[in-house]
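I would like the entire structure built from these sequences, with the hints used as guidance.
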Amino acid sequence: MIELKTVTKRYGSLTAVDTVSFSVGAGECFALLGPNGAGKTTIVKMLLDFTQPTAGSLSIRGIPSTDPACRASIGYLAENHRIPPSLSGWHYLLRCAELLDMSRSDAVDQCGRIVELIGMQGREHARAGTYSKGMIQRFGLGAALLGDPKLLILDEPTSGLDPIGVRETRLLLESLKEQGMTVFLNSHLLSEVEKLCDTAAIINRGALLVKDAIRAIVRDGDTLEDVFVRLVKD
Amino acid sequence: MKYPKTFPSIARIARYTLLDEVRQKSFVIMFAVCAIGVFLVRGCYHGNYMVNGQYLDAGTVVRALSKVMFHIIGAGALVIAALLSMRIFRRDRNEGMHSCILSKPIARWQYVVGKILGVWVVSVLFMFILHGIVFLVTSFSLRDFMPEFLAASLLCSINLLFVIVAALLLSLLMPDIVAFLCVLGVGVAGFVADGIAAVSHSQMAQAMMRQSGPAPHSDLTWWKVVYYAWPKLLGVQQSAASLLGSEPFPGFGALYPLINVLLYCLVLGAVLLRRFRNEDIS
Numbered sequence: 220m221i222e223l224k225t226v227t228k229r230y231g232s233l234t235a236v237d238t239v240s241f242s243v244g245a246g247e248c249f250a251l252l253g254p255n256g257a258g259k260t261t262i263v264k265m266l267l268d269f270t271q272p273t274a275g276s277l278s279i280r281g282i283p284s285t286d287p288a289c290r291a292s293i294g295y296l297a298e299n300h301r302i303p304p305s306l307s308g309w310h311y312l313l314r315c316a317e318l319l320d321m322s323r324s325d326a327v328d329q330c331g332r333i334v335e336l337i338g339m340q341g342r343e344h345a346r347a348g349t350y351s352k353g354m355i356q357r358f359g360l361g362a363a364l365l366g367d368p369k370l371l372i373l374d375e376p377t378s379g380l381d382p383i384g385v386r387e388t389r390l391l392l393e394s395l396k397e398q399g400m401t402v403f404l405n406s407h408l409l410s411e412v413e414k415l416c417d418t419a420a421i422i423n424r425g426a427l428l429v430k431d432a433i434r435a436i437v438r439d440g441d442t443l444e445d446v447f448v449r450l451v452k453d
Numbered sequence: 006m007k008y009p010k011t012f013p014s015i016a017r018i019a020r021y022t023l024l025d026e027v028r029q030k031s032f033v034i035m036f037a038v039c040a041i042g043v044f045l046v047r048g049c050y051h052g053n054y055m056v057n058g059q060y061l062d063a064g065t066v067v068r069a070l071s072k073v074m075f076h077i078i079g080a081g082a083l084v085i086a087a088l089l090s091m092r093i094f095r096r097d098r099n100e101g102m103h104s105c106i107l108s109k110p111i112a113r114w115q116y117v118v119g120k121i122l123g124v125w126v127v128s129v130l131f132m133f134i135l136h137g138i139v140f141l142v143t144s145f146s147l148r149d150f151m152p153e154f155l156a157a158s159l160l161c162s163i164n165l166l167f168v169i170v171a172a173l174l175l176s177l178l179m180p181d182i183v184a185f186l187c188v189l190g191v192g193v194a195g196f197v198a199d200g201i202a203a204v205s206h207s208q209m210a211q212a213m214m215r216q217s218g219p220a221p222h223s224d225l226t227w228w229k230v231v232y233y234a235w236p237k238l239l240g241v242q243q244s245a246a247s248l249l250g251s252e253p254f255p256g257f258g259a260l261y262p263l264i265n266v267l268l269y270c271l272v273l274g275a276v277l278l279r280r281f282r283n284e285d286i287s
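From first to last, the protein sequence lines are chains D and P. Final position of the first sequence in this note's numbering is 453; the numbers increase by one with none missing. Final position of the second sequence in this note's numbering is 287; the numbers increase by one with none missing.
No lab work stands behind these hints, which were simulated from the structure alone. Among these hints, one or two may not hold up.
Unchecked claim - Derived lysine to any residue pairs resembling SDA-like cross-links, with alpha carbons at most 25 Å apart:
id : chain 1 : residue 1 : chain 2 : residue 2
1  : D       : K369      : P       : S287
2  : P       : K30       : D       : L313
3  : P       : K30       : D       : R280
4  : P       : K10       : D       : S410
5  : P       : K10       : D       : R280
6  : P       : K30       : D       : W309
7  : D       : K452      : D       : S410
8  : P       : K10       : D       : K352
9  : P       : K10       : D       : D328
10 : P       : K30       : D       : H310
11 : P       : K10       : D       : T285
12 : D       : K352      : P       : R28
13 : D       : K352      : P       : G101
14 : P       : K10       : D       : L415
Said to hold, decoys possible - To spell it out: a stretch of chain D is covered by chain P in this simulated footprint if at least three of its residues, at any positions, have a beta carbon under 8 Å from a beta carbon of chain P; those stretches are:
id : segment
15 : 252-259
16 : 294-302
Stated by the list, open to error - From the structure, some residues in chain P lie toward chain D, with a derived Cβ separation under 10 Å:
id : residue
17 : K10
18 : I18
19 : Q29
20 : S31
21 : S104
22 : I106
23 : S108
24 : K109
25 : I111
26 : D149
27 : R279
28 : D285
Glycine included, each C-beta is placed from N, C-alpha and C at the ideal position.
Have a look at this one:
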């Protein structure tokens with residue numbers, strides 16, 4: 220589903236991503252882990268063609284990430300998701316649906332279902348300026364689910380959510396995973412990742428340290444957090 | 006999931022841009038103030054004006070004033086268009102719409118063209134409505150409709166396109182307010198240069214130059230090259246105003262300014278698309 224081949228990204232003298240190669244299979248629930256500034260968001264941005272790699276190539280379903288067609292099957296939730304304060308959550312979802320070339324009636328149907336799914340019934344017509352961070356995050360997740368994407372790229376999806384929201388998001392992602400959706404998760408919540416994901420990659424200072432099944436990374440008696448701290452501190 | 010078709014995507018982005026602009030309180034206030042201002046000027050159409058000891062007839066007064074208003078609105082709309090354009094990319098970036106739109110199967114050029122189209126339609130409507138008010142006042146005063154007034158207004162929209170593309174491009178390279186001032190500077194320099202050229206072509210100025218000394222050996226100077234290559238915004242307005250039955254602009258043909266500004270739009274548009282292609286989206 221996703222393939223990175225010797226991807227490097229430099230900003231002047233700073234190497235944000237250093238010859239990283241890995242792939243994520245269809246239906247896999249994958250977590251990209253690393254400390255702040257490790258290069259996780261840069262990899263996501265390169266996958267979405269928000270920034271171009273200095274070297275190497277990225278592809279989604281065999282289509283180069285530079286081709287807009289590869290984004291036809293992607294749902295994306297940005298880190299620190301924002302919604303224009305003058306729009307309501309409903310109108311934001313409608314816009315996102317229409318940008319996926321849905322007819323107005325299809326868009327209204329889908330948005331209605333998504334509002335229920337993210338638990339925002341009754342608040343969807345309020346202006347986004349009145350929403351809490353968690354509510355904006357929920358609408359962002361809802362927008363990512365529009366159009367039944369094959370691949371979900373989520374950058375810190377639980378950021379700003381309360382513990383109940385974190386749990387609900389995990390349950391939602393588990394049900395999507397069961398439906399065969401590929402999930403690419405960028406997260407700091409290692410306990411949630413451990414419960415949800417099949418595979419993970421840990422990067423630090425732009426370099427890939429490990430990419431394997433979580434069961435293989437986490438040895439007996441250890442937690443993902445222990446392994447993460449050990450690898451990053453080394 | 007389908008890959009959105011090119012033109013519907015551009016049209017949607019343009020529609021969202023238009024809606025976002027007209028929802029802004031500052032835009033609504035600006036439009037209301039301009040519309041009331043233009044409407045209040047109608048009092049001047051009924052005054053008694055005397056030139057060389059003779060009263061001008063009402064028709065001449067109305068036509069002359071409507072032409073003045075035509076130019077003032079045309080120039081004012083350029084400022085408005087630059088103001089609207091300078092903040093388009095920044096607002097989308099700050100409100101998360103950059104990443105929202107570009108994470109969909111929409112190419113960057115479609116996004117940029119949609120934005121240009123959206124601001125252009127808003128600006129043209131803004132100018133057209135103000136010109137429309139003058140057209141209605143003139144029509145009621147003269148009891149005669151002048152549809153060429155509205156056609157001239159549409160012709161001026163080429164200037165708006167230039168200002169929008171230039172402001173969008175410069176807003177990627179420098180702070181918004183500096184981009185706005187640069188575009189304003191280009192417009193003002195062009196207006197001043199065209200004004201000086203118009204005066205220098207007058208019979209009185211020609212006579213004064215003949216008296217002051219011999220003519221230069223060559224007609225082609227760097228100043229002339231710069232002058233003719235500079236965006237001919239006033240020239241476009243003069244060409245449009247010539248539809249209103251006035252004399253043609255002296256010095257160059259009515260078509261040259263249109264070609265000049267359209268060429269600038271194409272070149273700046275291409276540079277804008279290229280520049281935005283390399284922009285980091287956050």
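Hints, verified against the model:
| no. | hint | result |
| --- | --- | --- |
| 1 | K369/D / S287/P | holds (23 Å) |
| 2 | K30/P / L313/D | holds (23 Å) |
| 3 | K30/P / R280/D | violated (45 Å) |
| 4 | K10/P / S410/D | violated (42 Å) |
| 5 | K10/P / R280/D | holds (20 Å) |
| 6 | K30/P / W309/D | holds (21 Å) |
| 7 | K452/D / S410/D | holds (19 Å) |
| 8 | K10/P / K352/D | violated (34 Å) |
| 9 | K10/P / D328/D | holds (21 Å) |
| 10 | K30/P / H310/D | holds (19 Å) |
| 11 | K10/P / T285/D | holds (17 Å) |
| 12 | K352/D / R28/P | holds (23 Å) |
| 13 | K352/D / G101/P | holds (14 Å) |
| 14 | K10/P / L415/D | violated (36 Å) |
| 15 | 252-259 | violated (count 0) |
| 16 | 294-302 | holds (count 5) |
| 17 | K10 | holds (7 Å) |
| 18 | I18 | holds (8 Å) |
| 19 | Q29 | holds (8 Å) |
| 20 | S31 | violated (12 Å) |
| 21 | S104 | holds (5 Å) |
| 22 | I106 | holds (6 Å) |
| 23 | S108 | holds (4 Å) |
| 24 | K109 | holds (5 Å) |
| 25 | I111 | holds (6 Å) |
| 26 | D149 | violated (44 Å) |
| 27 | R279 | violated (13 Å) |
| 28 | D285 | holds (5 Å) |
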